[in-house]
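Asker: Let the hints inform the model, and build the full structure from the sequences given.
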Amino acid sequence: MLKLYLIRHGQTELNKVRRFQGRIDVPLNETGIGQAQKLALRLSSEPLDKIYTSPLSRAQQTAEIIRSSHQIDIMTNEELVEMSFGSLEGKTYREINEIFPDWNASVFDFTFAGGENLDNLVVRMKSFLDIVKKQDENSNILLVTHSGCLRVILCLLLGIDVNKWWQFKIDVASLTVVDNVTQGAVLTLLNDTSHLNGG
Numbered sequence: 001m002l003k004l005y006l007i008r009h010g011q012t013e014l015n016k017v018r019r020f021q022g023r024i025d026v027p028l029n030e031t032g033i034g035q036a037q038k039l040a041l042r043l044s045s046e047p048l049d050k051i052y053t054s055p056l057s058r059a060q061q062t063a064e065i066i067r068s069s070h071q072i073d074i075m076t077n078e079e080l081v082e083m084s085f086g087s088l089e090g091k092t093y094r095e096i097n098e099i100f101p102d103w104n105a106s107v108f109d110f111t112f113a114g115g116e117n118l119d120n121l122v123v124r125m126k127s128f129l130d131i132v133k134k135q136d137e138n139s140n141i142l143l144v145t146h147s148g149c150l151r152v153i154l155c156l157l158l159g160i161d162v163n164k165w166w167q168f169k170i171d172v173a174s175l176t177v178v179d180n181v182t183q184g185a186v187l188t189l190l191n192d193t194s195h196l197n198g199g
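Taken in order, the sequence shown gives residues 1 to 199; the numbers are from this note's numbering.
Calculated from the structure, these hints are not laboratory results.
Glycine residues also receive a C-beta, built at the ideal position from the N, C-alpha and C atoms.
Hints should not be assumed to be uniformly reliable.
As the list claims (entries may be wrong) - Pairs of lysine-lysine, DSBU-like flavour, derived with a Cα cap of 35 Å:
| no. | residue 1 | residue 2 |
| --- | --- | --- |
| 1 | Lys-134 | Lys-38 |
| 2 | Lys-134 | Lys-50 |
| 3 | Lys-169 | Lys-133 |
| 4 | Lys-38 | Lys-164 |
| 5 | Lys-50 | Lys-16 |
| 6 | Lys-169 | Lys-126 |
| 7 | Lys-91 | Lys-164 |
| 8 | Lys-16 | Lys-91 |
Said to hold, decoys possible - Between beta-carbon pairs, the in silico distance windows are:
| no. | residue 1 | residue 2 | range |
| --- | --- | --- | --- |
| 9 | Ile-131 | Gly-184 | 18 to 26 Å |
| 10 | Gln-71 | Val-17 | 33 to 41 Å |
| 11 | Lys-91 | Lys-133 | 33 to 41 Å |
| 12 | Gly-184 | Glu-95 | 40 to 48 Å |
| 13 | Glu-98 | Thr-188 | 33 to 41 Å |
| 14 | Asn-163 | Ile-72 | 31 to 39 Å |
| 15 | Ser-57 | Asp-171 | 13 to 21 Å |
| 16 | Ile-72 | Thr-92 | 34 to 42 Å |
| 17 | Glu-46 | Glu-95 | 34 to 42 Å |
| 18 | Asp-161 | Ile-99 | 40 to 48 Å |
Answerer: Right under this line is the structure:
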């Protein structure tokens, strides 16, 4: 039975000031490092078999810190990189809404200048999940990636229309767990951050 532990990377400076990061390769800030350490403690007793991570630094750092309590491999997978927002990367949500007021309503068809649309992201996540389902069928797998990727993964696993991806709230350094992935996925934990405040 395949079980997925879905992790969003810890905080970066761009997260802190609410700027779209996309493919900008920003490392964890001090808060983000502390969050990853708390995640590592939270996951220290979980029987993890493997970690897959995005190639971006913020995800790589989070994965390495989590692995400190496990003797397992980290596999970098290009499919897990964040959605490319093209020319909008580095801008604030407010700036983007001023430039493209309807971008969020039509995001499935919206192609960011120099970037990709939701359909591109869905294709990548489907490809990744197909590989994991075949290669890691009876494993406990931890994914460290980005909010866009995680929202789409949840839609795909749970049979939810991907156009509703924004209805999932995925905080930095949060833990989401999906069990029984290959035989009718069951969401057992969503966007849990209790480890960040000692809960």
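Asker: Each hint: holds or not?
Answerer: These are the hints, each one checked on the structure:
1. Lys-134 with Lys-38: Within the cut-off at roughly 31 Å; holds.
2. Lys-134 with Lys-50: Judged against 35 Å, a Cα distance of about 14 Å means the pair holds.
3. Lys-169 with Lys-133: holds (25 Å)
4. Lys-38 with Lys-164: holds (30 Å)
5. Lys-50 with Lys-16: holds (30 Å)
6. Lys-169 with Lys-126: The hint holds at about 20 Å.
7. Lys-91 with Lys-164: holds (23 Å)
8. Lys-16 with Lys-91: With a Cα-Cα distance of about 13 Å, the restraint between Lys-16 and Lys-91 holds, given a limit of 35 Å.
9. Ile-131 with Gly-184: 18 to 26 Å: holds (20 Å)
10. Gln-71 with Val-17: 33 to 41 Å: holds (37 Å)
11. Lys-91 with Lys-133: 33 to 41 Å: holds (36 Å)
12. Gly-184 with Glu-95: 40 to 48 Å: holds (42 Å)
13. Glu-98 with Thr-188: 33 to 41 Å: holds (40 Å)
14. Asn-163 with Ile-72: 31 to 39 Å: At 35 Å between Cβs, range holds.
15. Ser-57 with Asp-171: 13 to 21 Å: Roughly 19 Å apart at Cβ, these two residues keep to the hinted range, so it holds.
16. Ile-72 with Thr-92: 34 to 42 Å: holds (38 Å)
17. Glu-46 with Glu-95: 34 to 42 Å: With a Cβ separation near 40 Å, Glu-46 and Glu-95 satisfy 34 to 42 Å, so the hint holds.
18. Asp-161 with Ile-99: 40 to 48 Å: Distance hint for Asp-161, Ile-99 is violated at roughly 27 Å.
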